[in-house]
Amino acid sequence: AQSVSQHNHHVILSEAASLELGCNYSYGGTVNLFWYVQYPGQHLQLLLKYFSGDPLVKGIKGFEAEFIKSKFSFNLRKPSVQWSDTAEYFCAVNGGNTDKLIFGTGTRLQVFP
Amino acid sequence: DTGVSQDPRHKITKRGQNVTFRCDPISEHNRLYWYRQTLGQGPEFLTYFQNEAQLEKSRLLSDRFSAERPKGSFSTLEIQRTEQGDSAMYLCASSLSRQLAPSFGAGTRLSVL
Chain Z
1 AQSVSQHNHH
11 VILSEAASLE
21 LGCNYSYGGT
31 VNLFWYVQYP
41 GQHLQLLLKY
51 FSGDPLVKGI
61 KGFEAEFIKS
71 KFSFNLRKPS
81 VQWSDTAEYF
91 CAVNGGNTDK
101 LIFGTGTRLQ
111 VFP
Chain Y
1 DTGVSQDPRH
11 KITKRGQNVT
21 FRCDPISEHN
31 RLYWYRQTLG
41 QGPEFLTYFQ
51 NEAQLEKSRL
61 LSDRFSAERP
71 KGSFSTLEIQ
81 RTEQGDSAMY
91 LCASSLSRQL
101 APSFGAGTRL
111 SVL
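Here the protein sequences come in this chain order: Z and Y.
For the first sequence, our numbering begins at 1 and goes up steadily by one.
For the second sequence, our numbering begins at 1 and goes up steadily by one.
One side only, chain Z facing chain Y, incomplete, derived with CB under 10 Å:
no.	residue
1	Val-4
2	Asn-32
3	Phe-34
4	Gln-38
5	His-43
6	Gln-45
7	Phe-90
8	Lys-100
9	Leu-101
10	Ile-102
11	Phe-103
12	Gly-104
13	Arg-108
Dumping the calculated DSBU-like pairs for lysine-lysine here, alpha-carbon to alpha-carbon at most 30 Å:
no.	chain 1	residue 1	chain 2	residue 2
14	Y	Lys-57	Z	Lys-49
15	Y	Lys-71	Y	Lys-57
16	Y	Lys-57	Z	Lys-69
17	Y	Lys-57	Y	Lys-14
18	Z	Lys-49	Z	Lys-71
19	Z	Lys-58	Z	Lys-71
To give an idea of the interface, some chain Z residues facing chain Y are shown, with a C-beta separation under 10 Å as derived from the structure:
no.	residue
20	Tyr-36
21	Leu-46
22	Lys-49
23	Phe-51
24	Ala-92
25	Thr-98
Calculated directly from the structure, the hints in this document are not laboratory data.
Just so we're clear, the structure is a prediction, and the values are computed from it rather than from any experiment.
All C-beta atoms in this analysis are idealised placements derived from N, C-alpha and C, irrespective of residue type, glycine included.
Kindly generate the complete structure, drawing on both the sequences and the hints.
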């Protein structure tokens, strides 16, 4: 069965600090990978996705993620965070013959000015 | 693109009552998903439809839960004989194809007293 692990449950940073959120998945076949963000009081929004091709994926708001197949990882990065990046971040995967997304438990990011 | 719409936004009910939620997907999206999210957790898959066919249902889903998508457009999720453990945010998402990440609605927050 597919599963997703997000080891950083709560991250606190100052503005301009660099960010890296970990995501590891378990599935042996071809996968599609996603990062969603949920700002306070808002619905889930897609940050970026990987289906195939270049393993370095760029998303909205300066975020990027790198798919490392050998490590079953899809870590999210941003070189310089802003206060407005305060949100909850979810990694998700689907693979095989199913369309459903399997989500991690999420990482809560707090950015202080 | 008016987004995924869910109704109601909030529902408070007494234990043992039945509740029904509605989801209107983005127009022409043939895939529709239901998820449940509790505090501190990522969205948990419940079921999904392709057009009017229910293609997958979580094994964790009690038989008190039923979902329909009769004409391949809107969908309803019914919970019979609600229990306090059903209190959660119920999310609906839709997509046009597997290569397009699902778009999520704002959710219906259910509180069972």
